[in-house]
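Asks: If you want the building blocks of each chain, they are given just below.
Number of protein chains: 4
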Amino acid sequence: MKKLEQYREEYLKQFKNRAYGRNLFRTQKEEQIDAPAEECGIFGLYSENNLDTFSLSQFGLFALQHRGQEACGISVSKNGKINNIKDEGLVLDVYKEINEPEAFMGNSVIGHTRYTTAGDKKKYNYQPFFAKNEYDQIILSIAHNGNLTNARQLRKELEEEGVVFKATSDSEVILRLLQKNLDLGLRGAIKAAMSRIQGAYSVVGMTRNKFFAFRDFHGIRPLVLGSIDDKTFAVASETCALDAVGAKYIRDIAPGEIVYTSTNEEGLKSYLVKDDCVRHICAFEYIYFARPDTEMEHINVHEIREKSGEKIWEQAPVEADIVIGVPDSGVPAAIGFSKASGIPFRPVLIKNRYIGRSFIVPTQEMRERIVNLKLNPIISEIKDKRVVIIDDSIVRGTTSKRLVKILKDAGVKEIHFRSVSPPIIAPCYLGIDTPTKDDLISANMSLKELTKYLGVDSLEFLSMKSLMEILGSDKHCFGCFTEKYPVPYLDEMK
Amino acid sequence: MKKLEQYREEYLKQFKNRAYGRNLFRTQKEEQIDAPAEECGIFGLYSENNLDTFSLSQFGLFALQHRGQEACGISVSKNGKINNIKDEGLVLDVYKEINEPEAFMGNSVIGHTRYTTAGDKKKYNYQPFFAKNEYDQIILSIAHNGNLTNARQLRKELEEEGVVFKATSDSEVILRLLQKNLDLGLRGAIKAAMSRIQGAYSVVGMTRNKFFAFRDFHGIRPLVLGSIDDKTFAVASETCALDAVGAKYIRDIAPGEIVYTSTNEEGLKSYLVKDDCVRHICAFEYIYFARPDTEMEHINVHEIREKSGEKIWEQAPVEADIVIGVPDSGVPAAIGFSKASGIPFRPVLIKNRYIGRSFIVPTQEMRERIVNLKLNPIISEIKDKRVVIIDDSIVRGTTSKRLVKILKDAGVKEIHFRSVSPPIIAPCYLGIDTPTKDDLISANMSLKELTKYLGVDSLEFLSMKSLMEILGSDKHCFGCFTEKYPVPYLDEMK
Amino acid sequence: MKKLEQYREEYLKQFKNRAYGRNLFRTQKEEQIDAPAEECGIFGLYSENNLDTFSLSQFGLFALQHRGQEACGISVSKNGKINNIKDEGLVLDVYKEINEPEAFMGNSVIGHTRYTTAGDKKKYNYQPFFAKNEYDQIILSIAHNGNLTNARQLRKELEEEGVVFKATSDSEVILRLLQKNLDLGLRGAIKAAMSRIQGAYSVVGMTRNKFFAFRDFHGIRPLVLGSIDDKTFAVASETCALDAVGAKYIRDIAPGEIVYTSTNEEGLKSYLVKDDCVRHICAFEYIYFARPDTEMEHINVHEIREKSGEKIWEQAPVEADIVIGVPDSGVPAAIGFSKASGIPFRPVLIKNRYIGRSFIVPTQEMRERIVNLKLNPIISEIKDKRVVIIDDSIVRGTTSKRLVKILKDAGVKEIHFRSVSPPIIAPCYLGIDTPTKDDLISANMSLKELTKYLGVDSLEFLSMKSLMEILGSDKHCFGCFTEKYPVPYLDEMK
Amino acid sequence: MKKLEQYREEYLKQFKNRAYGRNLFRTQKEEQIDAPAEECGIFGLYSENNLDTFSLSQFGLFALQHRGQEACGISVSKNGKINNIKDEGLVLDVYKEINEPEAFMGNSVIGHTRYTTAGDKKKYNYQPFFAKNEYDQIILSIAHNGNLTNARQLRKELEEEGVVFKATSDSEVILRLLQKNLDLGLRGAIKAAMSRIQGAYSVVGMTRNKFFAFRDFHGIRPLVLGSIDDKTFAVASETCALDAVGAKYIRDIAPGEIVYTSTNEEGLKSYLVKDDCVRHICAFEYIYFARPDTEMEHINVHEIREKSGEKIWEQAPVEADIVIGVPDSGVPAAIGFSKASGIPFRPVLIKNRYIGRSFIVPTQEMRERIVNLKLNPIISEIKDKRVVIIDDSIVRGTTSKRLVKILKDAGVKEIHFRSVSPPIIAPCYLGIDTPTKDDLISANMSLKELTKYLGVDSLEFLSMKSLMEILGSDKHCFGCFTEKYPVPYLDEMK
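Protein chains in written order, with full-length UniProt numbering: chain B, 1 to 494; chain E, 1 to 494; chain U, 1 to 494; chain S, 1 to 494.
Just so you know, not all the hints are guaranteed correct.
Which copy is meant is left open, so a pair is good if it fits within one copy or across any two.
Straight-line alpha carbon distances no greater than 25 angstroms define the calculated BS3-like cross-link-like pairs of lysine-lysine that follow [what the hints assert, rightly or not]:
#, residue 1, residue 2
1, Lys81, Lys123
2, Lys132, Lys156
3, Lys413, Lys96
4, Lys78, Lys96
5, Lys248, Lys385
6, Lys339, Lys122
7, Lys210, Lys437
8, Lys180, Lys132
9, Lys351, Lys180
10, Lys452, Lys385
11, Lys465, Lys484
12, Lys269, Lys78
13, Lys339, Lys385
14, Lys385, Lys401
15, Lys408, Lys437
16, Lys437, Lys180
17, Lys383, Lys210
Don't read these hints as lab results, they were simulated from the structure.
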């Protein structure tokens with residue numbers, strides 16, 4: 001049984017750290033400085049109304065758990081003292097026991113959920129990051145979602161100036177730039193930092209008496225503003241986190257905007273670092289990442305997904321008996337497709353809720369056995385049927401190919417595959433962890449080749465034109481579809 | 001901020017042990033001997049074809065994770081030596097690191113997933129249970145789903161005979177009865193045990209060279225048989241676990257049946273302890289517990305649920321704009337309802353996947369804030385609409401009431417609530433953890449009172465007649481709806 | 001600094017597990033089945049007078065700590081239930097926190113201190129050993145000091161009969177033989193075991209309602225009996241442990257004697273398995289192992305050591321200015337030597353109390369630096385003096401050679417080395433962990449060669465004749481000096 | 001057995017943290033800010049000759065283990081980076097496993113052994129202390145032996161200036177004063193600190209590129225200087241630590257002296273902050289604390305102790321059969337007494353090496369049982385004898401009283417008790433942890449009363465005159481004997 005043991009070991013390796021991951025786009029490489037950064041969730045709350053901001057921040061992070069399950073962290077400022085708890089695990093696990101809860105009952109709080117990574121979990125990369133003074137007191141803390149494109153260069157320059165880094169994440173570059181410039185005042189420090197960093201960044205943070213948030217000049221990663229009452233402001237990656245704390249969604253933080261407040265300020269101040277910024281929210285947030293109940297720029301994500309299903313029916317109609325969505329993000333599109341086409345929607349792919357997106361065992365023999373482990377079809381519902389199957393996207397193609405096999409094994413008559421995003425032909429350098437071009441199947445196969453490779457009767461991608469129509473704008477980041485990014489300088493990343 | 005800290009503490013208590021629970025029916029009391037037992041999942045595999053049964057058993061248990069997330073365990077027999085690993089946590093977590101994997105590469109394996117409990121986690125109640133000989137070697141191991149109704153009495157008798165118990169679970173009574181009678185041979189021991197125990201039990205087990213499974217005389221809890229090849233047999237609570245290991249579903253283990261095999265036997269032997277047993281599968285397995293892709297007695301669970309939606313439309317039609325299902329088990333019924341009624345199905349209640357069914361904070365103030373934390377509606381989709389909302393059942397009524405509030409806050413015009421199970425008026429003594437009668441809202445309110453209590457425009461439960469029509473039989477356990485149980489003697493339980 | 005780091009690593013390895021060890025005789029090899037066993041301390045107490053036997057047993061073991069510092073253990077019988085705590089560490093550390101102290105407040109207790117070993121610490125070899133019944137209850141527990149000479153053979157035979165071993169220690173053979181024969185009654189079981197085992201063994205033990213002790217047919221390892229009151233009996237390796245619990249020393253357990261008691265017996269029963277046994281207490285117990293305040297056969301150890309100093313002066317007088325004893329066991333001999341010779345005794349070798357006997361670093365360079373780390377002389381006291389230095393024995397010779405160097409570096413004029421034991425020329429197979437013959441310097445060098453090797457002005461060993469005169473008997477085990485052992489069959493050991 | 005369990009609990013509390021302590025002077029109170037500080041050992045090494053300073057510092061601390069067994073710590077500077085490891089435990093335990101040994105292979109090292117405390121062990125009080133810069137890098141580290149008498153006042157002043165303290169020890173006041181003044185240069189910073197702190201302090205320390213040591217203006221606690229070669233300097237509390245690393249003892253650091261060096265300096269620089277300082281080494285270091293092989297001001301400690309025995313014979317001769325020393329520090333005095341008087345010295349009080357000085361159980365019943373646990377006499381040697389018993393001092397009197405009881409129980413005919421220090425009548429505020437005046441028996445009883453209380457036939461203390469003769473000087477701190485301290489301002493301490 002030597003062989004068994006060997007693939008057993010490989011197999012167990014696969015399992016590791018994957019329990020709840022959304023590792024669709026996961027590269028298998030180790031984290032490196034400036035490596036494609038993580039999709040994350042950030043949240044912040046400032047209240048002068050004696051609210052339990054610590055509990056509320058947990059609610060907010062819990063609602064953003066889909067943006068990162070590896071680790072989470074919270075910094076709280078109470079009477080000018082900042083405390084931080086961050087650890088591996090889900091929000092409900094990390095905060096179930098707190099040593100000194102009273103130290104966290106402050107009026108200002110920021111939090112972060114961190115995306116699962118394939119490699120070593122490096123605790124020093126967990127967020128919120130913080131900087132200390134010479135007496136070991138935290139004087140500044142931030143949580144960042146996005147990815148800087150000139151982090152390596154900036155880090156080098158800062159190190160030459162005597163700055164010492166403790167982590168490998170590009171987010172620390174933002175922290176150290178702020179720390180270095182704190183004598184310019186908070187707004188001055190943020191402005192100074194924004195003048196040097198390039199890329200995608202949505203940031204919430206605090207000093208010992210101030211609370212702030214800011215967003216890059218293109219507004220690539222989402223960041224919304226809400227309020228619970230007239231003295232309580234919330235900032236979050238998605239509106240679903242505002243809902244979770246009972247906050248009203250006011251508006252999105254603008255590209256190039258700084259908002260900040262403190263006990264000395266009246267209300268929340270806003271300051272635009274640049275006037276002429278144009279929004280370029282990541283299109284993939286709508287297609288895949290954001291929760292369906294979230295709104296960005298006051299547009300509901302679920303609606304966009306339903307429309308994408310309608311649109312792809314218009315674009316590529318087909319005769320079929322049933323339409324199926326790949327759970328979870330393919331389901332609204334399937335419903336839209338059904339609505340537009342009249343073909344009945346059937347929820348007959350059952351997803352195991354206790355696992356992430358990928359689940360691979362190394363040997364072919366074992367792989368064939370577990371093909372239904374993550375998605376299991378109700379065979380009686382699809383046998384001998386002509387099936388339209390709708391997924392949000394095709395990345396490497398392996399998941400789609402496996403799905404096709406499941407359907408075929410279940411005895412479907414025809415398979416018509418629809419991706420409600422355009423072909424992904426380029427990596428993301430702005431906050432989503434994608435494979436390199438070599439592993440993006442649409443960068444390497446024509447539609448015809450891919451149709452054959454998947455073994456389907458027809459295959460269609462949403463066109464860029466359709467996508468822009470649905471989103472109602474061409475002002476988005478479409479980099480992964482077009483290889484054109486809103487950020488000019490990307491050399492370091494490539 | 002004293003007050004904040006106080007409810008903070010209470011609030012954290014609430015969180016504890018609830019991360020992934022399905023605690024719809026959870027009583028808040030501590031475990032006691034013979035207390036209402038847990039809904040669990042069991043799995044077993046016997047192969048003479050050199051398969052990696054340990055990996056496969058993890059796949060099987062993973063597919064049964066919905067039947068219990070508190071703990072899991074696996075016993076493996078290798079060359080006459082039984083090893084066991086059981087621990088708190090999900091399958092993917094407990095088995096990600098194994099000290100001596102080679103000790104688990106045997107040909108016979110049984111496993112168990114254990115339901116979350118509200119009280120103290122007591123490790124000695126984790127399964128599989130095992131009995132040792134005088135040299136500390138495991139000679140017998142079993143995994144049990146169900147609940148004995150005379151466990152307390154049997155335990156007392158056995159203790160008087162000198163038997164020593166190590167846990168408080170009724171499952172240990174089965175183990176000790178088997179251990180005590182092992183000199184009758186395996187089949188004799190099982191027969192002797194079955195002659196004394198009463199209640200619901202589906203059991204898989206192993207001695208050092210034999211593998212076996214047996215089911216109570218009414219077949220209350222599910223247990224199915226499958227095969228991977230002619231020398232590899234699988235036994236599982238649900239067929240979805242057979243699918244997960246690539247096994248073909250052969251049939252359900254019959255009420256009163258023992259199946260067993262060993263290296264000395266040819267194939268799997270079957271033995272009927274009683275000839276005249278009548279099946280009474282728990283109806284609630286179809287309604288709520290089982291996975292939709294599972295079949296019991298060759299009937300697909302998803303189909304039953306869709307039919308329940310159609311049936312309740314027939315039973316209680318209503319004019320409305322959209323129909324919504326409470327995720328997850330209410331969704332197929334909503335689709336059936338939509339199909340029958342023509343009212344469009346809208347998947348607009350978004351469920352946070354990182355939490356169990358209940359999520360309660362202690363103070364009213366905080367509770368009002370987090371009402372949307374678990375289920376968040378897409379307001380634009382339901383505002384000013386007449387809504388049919390379908391849930392699998394109403395137990396305490398608190399969850400339903402909160403849901404109605406969410407919908408009203410979102411501005412729906414009318415709410416028509418439909419439960420696709422009959423009113424629950426009595427506790428389950430046969431394997432499901434339910435509240436006492438005092439806490440079952442339908443045992444304490446008329447339909448009219450409940451309609452008013454929930455604040456809905458109409459309310460309807462599936463009738464017993466409809467339920468029997470859907471299931472195609474009156475031979476089920478309907479105890480929680482009728483207070484009539486297939487097992488005669490229940491005095492000890494009450 | 002590569003080189004530094006390398007020997008640093010080797011150096012740290014040396015430190016490991018050596019903190020408090022008496023590893024004079026330590027072989028560097030790993031433990032093996034039947035490998036030279038450990039010198040250990042055992043203790044037992046039985047009381048019907050409601051004494052705190054658990055505390056008292058800790059006092060007793062504490063007084064025997066010099067016989068073993070690696071690990072210790074205690075078994076207590078309370079109301080027919082035996083509990084056991086054993087762990088790595090000193091008595092004061094292992095028992096400073098107890099989970100359920102009330103479970104240890106029983107009337108019968110046995111304990112064990114285990115000698116430090118160079119190799120892996122194997123927890124399963126810690127004592128007291130115990131055997132369980134099929135319900136995981138301890139039914140028998142023993143603590144053993146000594147070494148069996150036919151353990152390997154017996155183990156093989158027992159395994160063929162189906163007995164399962166859990167440890168590698170020869171002590172488990174005694175346990176399993178007793179367990180196997182328990183149906184003969186306790187006395188019958190002990191008798192049956194003693195008829196099969198050969199070698200040195202002093203044993204204390206308990207069943208659920210009985211307390212017992214027995215000693216091999218030659219009485220090689222010590223075992224004494226005492227009483228606190230008429231209903232409280234104590235058994236111990238040394239009388240210093242009786243003193244520690246306030247017990248009166250009655251007598252030594254006789255060779256081939258079993259003593260036992262229980263709640264049903266009146267007082268302590270004694271039974272002689274053989275009538276004609278002759279005592280052969282290990283001579284080295286007097287010379288080195290036992291505490292100076294201990295008596296064996298009513299002879300005080302300190303007195304023997306003083307006499308050995310007097311005797312070696314008679315045997316080999318010398319002109320000198322001062323006499324020094326190597327702490328600790330060489331000091332009484334030095335005082336005896338001083339008394340007999342009139343040469344002043346000077347306590348000028350200062351021993352660091354926080355380390356064991358050996359302390360070696362791997363590189364020559366570093367070794368030279370730390371030569372004074374364990375023993376540091378007061379130079380002003382010995383410079384330009386003619387010094388008699390007295391040690392209890394010379395084993396490998398390395399320690400003595402290093403000591404000579406220390407003295408020479410301090411500027412002594414003459415060194416006259418005296419060993420108050422005869423040359424050690426053979427290993428011990430009966431309970432002391434000695435090097436093999438190859439490493440015993442007296443087995444490989446003549447007196448003349450050794451004198452030159454050590455670089456001393458004169459060297460003398462106590463003669464066998466002198467030793468027998470001091471001990472007042474030739475009925476001892478002198479195996480390590482004569483290669484003649486009281487136990488006939490030693491083939492397995494060699 | 002309720003009662004048993006209760007005192008069992010109290011008894012276990014007694015054991016806690018006492019394993020190896022020298023708690024002669026231990027107060028039972030909790031640590032407080034500025035509470036009487038601990039007797040400790042400090043060590044430092046600076047080498048430009050590529051020595052393994054980390055190993056050597058362990059040798060040095062190991063030799064100072066008698067000055068503190070609770071915790072130990074080492075700071076190493078390597079290439080401008082300071083690393084620190086400190087933990088509870090003995091040197092041989094704390095450093096047996098190091099995560100990144102290469103980080104500790106630097107050229108400059110300081111270390112500290114910390115005295116056992118009765119109360120809570122507070123990790124933040126372990127030494128060496130260190131200060132960090134804003135990038136979390138250690139820039140300064142010190143180890144301190146002694147006690148400041150104005151620490152509370154200084155701490156208050158510094159906190160008002162914005163300095164943040166992390167521990168409760170007075171040693172941190174020194175650290176923060178140095179940190180605050182670092183811009184004056186190292187020497188300037190030390191000078192500035194010395195101008196403000198009062199009391200007893202011997203300090204070794206390092207910045208990222210410098211090594212230093214300094215001593216208070218009275219030289220109360222010891223501090224010696226040695227060298228291994230012309231580029232390797234060692235500083236230590238006692239010369240025995242110099243011996244342990246193979247360093248030559250050069251001289252004592254002078255009162256008010258700073259020594260320092262760095263890679264830029266040539267050799268070791270010395271700077272006298274004040275010219276007219278007068279040495280006042282603590283007399284109790286000679287009597288009790290220091291190791292007998294240590295020299296202070298080139299006077300050997302063992303010799304002083306022998307002389308004290310001779311002197312007390314001269315002072316108070318007596319007829320007796322034998323003289324006994326209480327191990328360990330009473331033994332040299334007993335030998336001196338024997339030499340002067342001709343009364344034979346007998347080493348017949350056997351000390352258990354595995355325990356600290358005090359060992360108390362709470363109930364009288366149990367206490368009577370364990371009276372011989374720590375010191376056990378060889379009865380045959382003292383029975384019916386007239387005994388002179390010599391101890392280094394009498395503090396609370398309880399230990400002495402117990403000892404007298406042991407001797408009487410053993411049947412001695414007469415007891416003549418001799419303390420080779422004068423009566424202790426006042427607490428120490430300068431680095432030794434003593435009881436308050438209320439608990440010092442000589443502060444509360446006349447010689448006559450004490451003689452009666454102890455129940456001895458005669459009692460004598462060494463006179464102050466004799467002590468000064470032995471020490472050859474009246475320039476010592478005799479505060480505990482005279483209540484006159486060399487440090488003027490002690491109000492804060494009282």
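Asks: Does each hint hold? Answer for all of them.
Replies: Hint check:
no.: 1; hint: Lys81 x Lys123; in the structure: both (23 angstroms within a copy, 22 angstroms between copies)
no.: 2; hint: Lys132 x Lys156; in the structure: both (21 angstroms within a copy, 23 angstroms between copies)
no.: 3; hint: Lys413 x Lys96; in the structure: neither (50 angstroms within a copy, 39 angstroms between copies)
no.: 4; hint: Lys78 x Lys96; in the structure: within (20 angstroms within a copy, 39 angstroms between copies)
no.: 5; hint: Lys248 x Lys385; in the structure: between (46 angstroms within a copy, 22 angstroms between copies)
no.: 6; hint: Lys339 x Lys122; in the structure: neither (46 angstroms within a copy, 51 angstroms between copies)
no.: 7; hint: Lys210 x Lys437; in the structure: neither (43 angstroms within a copy, 53 angstroms between copies)
no.: 8; hint: Lys180 x Lys132; in the structure: both (12 angstroms within a copy, 17 angstroms between copies)
no.: 9; hint: Lys351 x Lys180; in the structure: neither (49 angstroms within a copy, 43 angstroms between copies)
no.: 10; hint: Lys452 x Lys385; in the structure: within (20 angstroms within a copy, 45 angstroms between copies)
no.: 11; hint: Lys465 x Lys484; in the structure: within (15 angstroms within a copy, 62 angstroms between copies)
no.: 12; hint: Lys269 x Lys78; in the structure: within (21 angstroms within a copy, 48 angstroms between copies)
no.: 13; hint: Lys339 x Lys385; in the structure: both (19 angstroms within a copy, 18 angstroms between copies)
no.: 14; hint: Lys385 x Lys401; in the structure: within (19 angstroms within a copy, 40 angstroms between copies)
no.: 15; hint: Lys408 x Lys437; in the structure: neither (29 angstroms within a copy, 48 angstroms between copies)
no.: 16; hint: Lys437 x Lys180; in the structure: neither (37 angstroms within a copy, 55 angstroms between copies)
no.: 17; hint: Lys383 x Lys210; in the structure: neither (61 angstroms within a copy, 38 angstroms between copies)
Comparing the model with each earlier hint shows violations of hints 3, 6, 7, 9, 15, 16, 17; every other hint is respected.
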